[in-house]
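Undergrad: Sequence:
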Amino acid sequence: MANLQIRLNDDLKSKADELFASLGFDTSTAVRMFLTASIENNGLPFEVRHKFLSEEMKQAVSDSRNRTNLNGPYKSAEEAVRAMLDE
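According to the numbering used here, the sequence shown is numbered sequentially starting from 22.
There could be a bad hint or two in this list.
[What the hints assert, rightly or not] Pairwise CB distance ranges (calculated):
id, residue 1, residue 2, range
1, Lys72, Asp31, 42 to 48 Å
2, Gln26, Met54, 48 to 54 Å
3, Lys79, Ala23, 42 to 48 Å
4, Gln26, Glu100, 34 to 40 Å
5, Leu91, Met22, 49 to 55 Å
6, Leu91, Glu68, 28 to 34 Å
7, Pro94, Asp31, 54 to 60 Å
8, Pro94, Lys34, 38 to 44 Å
9, Thr57, Ala98, 23 to 29 Å
10, Ala23, Arg86, 41 to 47 Å
[Claimed, not checked] Lysine-lysine pairs mimicking BS3-like chemistry, simulated, CA-CA at most 25 Å apart:
id, residue 1, residue 2
11, Lys72, Lys34
12, Lys34, Lys79
13, Lys79, Lys96
It should be emphasised that the hints constitute simulated quantities derived from the structure, not laboratory data.
Note that the Cβ used here is the ideal one computed from N, Cα and C, for glycine as well.
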């Protein structure tokens, strides 16, 4: 049996360990699953691409993270719902 050693940021390792434990397995099992899926797919088992965000979406994400402009362009919930139904 072979061993695989990789260097990881402590925070990344901790978050990965926590995530995989919540799914019922350890990080070593997750790595084996990734390698197995890569072989079965003859490549990465997920799409690799740049994530495109429009300027409007970037601003919305920034506002959300900074908790600014959270009221949106509508004066009431009824107005927002009416706008959604019109589209």
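Undergrad: State for each hint whether it applies.
TA: Here's how the hints hold up against the structure:
no.	hint	result
1	Lys72 - Asp31: 42 to 48 Å	violated, 25 Å
2	Gln26 - Met54: 48 to 54 Å	violated, 18 Å
3	Lys79 - Ala23: 42 to 48 Å	holds, 43 Å
4	Gln26 - Glu100: 34 to 40 Å	violated, 58 Å
5	Leu91 - Met22: 49 to 55 Å	holds, 53 Å
6	Leu91 - Glu68: 28 to 34 Å	holds, 32 Å
7	Pro94 - Asp31: 54 to 60 Å	violated, 43 Å
8	Pro94 - Lys34: 38 to 44 Å	holds, 43 Å
9	Thr57 - Ala98: 23 to 29 Å	violated, 48 Å
10	Ala23 - Arg86: 41 to 47 Å	holds, 42 Å
11	Lys72 - Lys34	holds, 24 Å
12	Lys34 - Lys79	violated, 28 Å
13	Lys79 - Lys96	holds, 23 Å
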